[in-house]
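There are 2 protein chains.
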Amino acid sequence: MRNFVIRGNLCWSESSDSIRLVPRGYLVCEEGRCAGVFETLPECYVNLPLTDYGDALIIPGLTDLHLHAPQFSFRGLGMDMELLDWLNTYTFPEESKYADLAYADRAYTIFADHLRRSATTRAAVFGTIHVPATELLMDKMEQSGLVSYIGKVNMDRNSPEYLCETGAAASLADTERWICETREKYANTMPILTPRFVPSCTDELLQGLGRLAERYHLPVQSHLSENFGEIAWVQELCPGTKFYGEAYDRYGLFGGGIPCIMAHCVHSGEEETELMRKNGVFIAHSPLSNTNLASGVAPVSKYLNRGLNVALASDIAGGESENLFASMAAAIRASKLRWRLLDQEVKPLTVDQAFYLGTLGGGRFFGKVGAFEKDYEFDAVVIDDTTLDHPQELTLRARLERCLYLADDRNLAAKYVRGKQVF
Amino acid sequence: MRNFVIRGNLCWSESSDSIRLVPRGYLVCEEGRCAGVFETLPECYVNLPLTDYGDALIIPGLTDLHLHAPQFSFRGLGMDMELLDWLNTYTFPEESKYADLAYADRAYTIFADHLRRSATTRAAVFGTIHVPATELLMDKMEQSGLVSYIGKVNMDRNSPEYLCETGAAASLADTERWICETREKYANTMPILTPRFVPSCTDELLQGLGRLAERYHLPVQSHLSENFGEIAWVQELCPGTKFYGEAYDRYGLFGGGIPCIMAHCVHSGEEETELMRKNGVFIAHSPLSNTNLASGVAPVSKYLNRGLNVALASDIAGGESENLFASMAAAIRASKLRWRLLDQEVKPLTVDQAFYLGTLGGGRFFGKVGAFEKDYEFDAVVIDDTTLDHPQELTLRARLERCLYLADDRNLAAKYVRGKQVF
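Just so you know, the protein sequences line up as chains A and B, in that order. Heads up: the first sequence runs through residues 18 to 440, numbered per my numbering. Heads up: the second sequence runs through residues 18 to 440, numbered per my numbering.
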C-alpha cells in the first residue's frame, strides 16, 4: 500500500525559524512521497485508505546524522574522560570485538531494534574497520525499515594494534571490495566513506578515499574540531594545514562536489566555518556527546544564521540515548549554558531551531526529506502524548514543545519511512 | 508486614565519593528501618518473608529536595525566558488557578501519581498561597505513600494582584491556621514554612515566619541566588544586607537551629557559602532548571569539598521531569560545561557524587534516610534494567552508572518507603 492518507495534528519546520501547524490535517502519501497537506481532503483522494490518528501529533521522521553502532553497547558508560582518553580506554577495546561476527550479531541486533522503535527514520552510522561486521550491520539496518548510510571505518595509524588496519593499501582494498559488495544490494541502506578522523588516517589513506569517493559517487562522514587535545594533535600531524578541515579538504573529503558530514565542529574557527559554508558540509551537532565528554558547545545559532547546513546527532555512545527528542532538548540546554557562561554574542537555540535540526536540517542530507512539503519522501512519526497528562487546555504548539523535553519511544504510536509503515 | 527481607544487587553511597556494592545481598527491614545488609542471611532472620529480586539493582529511594507541585502542569513548556520573566509570564498565572479546588484536584492528582510511580521516596514541595489547595495536595501526597514536606507559599509583595496575599498579617494568620490544621494530621506528610523568595516577601512577613518556625519547630524552604537579575533586585530591596542569604538569616530563616533548604545557590559568594556551611543549610541543586532558565551552574563539587549539605532537586517546572535519574545525569553534565566554559578550578561531578546527591545527600534532611546502613529508614527502589539490553558482560558498578543516564519509571520494579511497599 503505497497510496494512503493519515490524519492528525501535523507539525513540521518550514525553515529553521518557523514551525507550521495544521490541526487535524490530512497528509497524503503517493508512491512513497508526500502529495500534500490538506485541511479538507480533496475529492481525488477520498477513495484512498485513511488512518485517523485522532488527537495525536504527526511530525516528520527524525534524522540522526552521526552515531556509532558498535558503541551502543556501552551507552551511558565511561563518561569520566575527555575524547582521546575515552577512545583509548573505552571505545577502541569495544570496537575490536566486532572482528567476532557472533558478537557483532548480538550487538547489532540490539542496536537496530532500538533504532527501529525510536522516532528516527534516517541515520548516518559509523561501523568498525571490519567488513563482515559492517555488512552484517547493513543487513540489520535494512531489516529495521530505516533509511541509512553505513560506514566501514578506516584507521591505519595512531590506533592500537588490535584496531589498526595494516597500511593504507590494505584499508583501501577492503573498502573498495565492501563498496562493490554493498552499493547496489539494498533498497534503503547505502555505504558512506568513513575515515575515523585525521589522527587515525595517513595522508595516503585519505588521498585514496578521496579517489574512491569520486569513482563511486559516495558521500563522506568524519569528525571535526571536537576537542582541544584532538585539534592540537591534528595541527602537529598536518604541519602544512592552516586548520583541521583542510586536512580533509586537500583530498576532496570536505564537501563541494561530494556530500559530506562532519560531526561536532565545536571549536571551528573562521576559515574552517567559511569553507564548510562554501562547500555545503553538513555539521552533525552532537550536544549530549559534546557535554558528556566535556568538549564544549558548538555555536549552532551562528552556523544557522550564516546559512550552514546543520543537523542533529545522538553520537552514540558519546551521547547516551538514541532518542533524538533528548538531543533536541540537550541542544537548547547546551546553547543556553554557552550563552550564560561563555559568549553572549551567540544566542541560545529556540524550540523552532532545535526541532528543525532534528527534522529538516538533517533530512536535507537525504534529499527531499524532513518536512511535509509536496514531493518530499513520506517519513512520518505519530506521537501519542496522553502519558504527558495535564489539567489545563494546551495548544498544539505547546504540546509539540513538550515533546522535545519529554517524549520517548513510549509515546510513538506509528512510524512511516518512504511511505512504508515500520510500526 | 513491617519485618521482611529483600534480596538483590545492593548499591548505596557510603559518602559523597564512594558507592558500596553488595551483589545479591540481603537487605533486612525491621519496623520500617534497615536492620542491616548481609551477604549471607543471619540465622535470626531466616524465618522472615523474603522477596528475591534476582539480578535487579536495589538502591535507596531518591530524595527530591525542591519542586513545585502546581507547576507540574506546564513541565517542558516556557523555557524561553529567564527567571523573573518566566515567573510573571508562565508561573504566576498558572499558580493563580489553584484558588479553584476543582482545578487543584485534577492537577494534584496527576502530580502525586507521577511522583508515586517515580524513584522518589522523599520530597520537599512548594504548593501555592492557597490553604485549601495546599491541604488537598497534602492529602494526595499522603495517599501517594511518599514522605514529604509540603509548603503553603507566602507572598505579600511584588506579585501580581491575583497571586498576592493581602498583607503580612493575613498571610501569617493563614499560615498559622494551616500549620495547626496539618502538623499532626498525617503519618508521612508535614508542613514546611515556604516564603517564596525575598522579592515576594516583606520584612514583616519574613519576621513573622521566623517566629512561627521557632514556635512550631518547623523547617523552612526557599530560593537563593539563582539568577543575576534576581540577586540585583534583592540587593535593591534589602539595602542593609551584604548578601542575599542575610535577608533570610536576620529573621532566623537560614538554618542554624532550624532545618533549612535553599534551592539553587548558583551564584552564592564567599560569605553566603560560609554562612550556609556554618548553619547547615541544605542546598537543593537543580541542574535542569538552572540550565533551562539559563541561570548558570552551581559549583557543586566545591560545596561538597567544603562540607556543605548538598542535595538534588528536579525543581519542577524549571526542570521538566520528576525523574531524578535525569537530574543526576544533568548535574554531571552541567558541571562539565561549567568546568569547560567557565572555571577549571571547580572539578566536574563524578557518578559517585551525583548518586550521593540524589540519595544520601538529600535523605539526610529527613534524618537517617538515603543509605542502607543500620537503623536508617527503609526506603528502597528496585531497578530492573533489562530494557537497557547489551551484548557484553557488565559489572554491577557499570549497570548502576548506566541507570543515572538511562533509567526512568519503566525500569522500576518495586518501591518501599519506611518499610511499606508502594508498588
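By construction, these hints were calculated from the structure, which means they are not laboratory data. Any given hint might turn out to be false.
In this list, chains with the same sequence are indistinguishable; a pair is considered to hold if it fits within one copy or across any two.
[To be verified] Straight-line distance between alpha carbons at most 35 Å, and here's what the computed DSBU-like set of lysine-lysine pairs gives:
1) LYS391 / LYS259
2) LYS385 / LYS114
3) LYS364 / LYS437
4) LYS114 / LYS319
5) LYS319 / LYS202
6) LYS295 / LYS202
7) LYS259 / LYS437
8) LYS295 / LYS114
9) LYS114 / LYS364
10) LYS364 / LYS385
11) LYS319 / LYS364
12) LYS259 / LYS202
13) LYS114 / LYS391
14) LYS259 / LYS364
15) LYS202 / LYS364
16) LYS364 / LYS391
Verification of the supplied hints:
{"no.": "1", "hint": "LYS391 / LYS259", "verdict": "neither (43 Å within a copy, 63 Å between copies)"}
{"no.": "2", "hint": "LYS385 / LYS114", "verdict": "neither (37 Å within a copy, 46 Å between copies)"}
{"no.": "3", "hint": "LYS364 / LYS437", "verdict": "neither (39 Å within a copy, 49 Å between copies)"}
{"no.": "4", "hint": "LYS114 / LYS319", "verdict": "neither (40 Å within a copy, 40 Å between copies)"}
{"no.": "5", "hint": "LYS319 / LYS202", "verdict": "neither (40 Å within a copy, 57 Å between copies)"}
{"no.": "6", "hint": "LYS295 / LYS202", "verdict": "within (33 Å within a copy, 70 Å between copies)"}
{"no.": "7", "hint": "LYS259 / LYS437", "verdict": "neither (47 Å within a copy, 66 Å between copies)"}
{"no.": "8", "hint": "LYS295 / LYS114", "verdict": "neither (39 Å within a copy, 53 Å between copies)"}
{"no.": "9", "hint": "LYS114 / LYS364", "verdict": "between (43 Å within a copy, 33 Å between copies)"}
{"no.": "10", "hint": "LYS364 / LYS385", "verdict": "within (29 Å within a copy, 45 Å between copies)"}
{"no.": "11", "hint": "LYS319 / LYS364", "verdict": "both (8 Å within a copy, 29 Å between copies)"}
{"no.": "12", "hint": "LYS259 / LYS202", "verdict": "neither (40 Å within a copy, 72 Å between copies)"}
{"no.": "13", "hint": "LYS114 / LYS391", "verdict": "neither (45 Å within a copy, 43 Å between copies)"}
{"no.": "14", "hint": "LYS259 / LYS364", "verdict": "both (28 Å within a copy, 33 Å between copies)"}
{"no.": "15", "hint": "LYS202 / LYS364", "verdict": "neither (45 Å within a copy, 50 Å between copies)"}
{"no.": "16", "hint": "LYS364 / LYS391", "verdict": "within (32 Å within a copy, 51 Å between copies)"}
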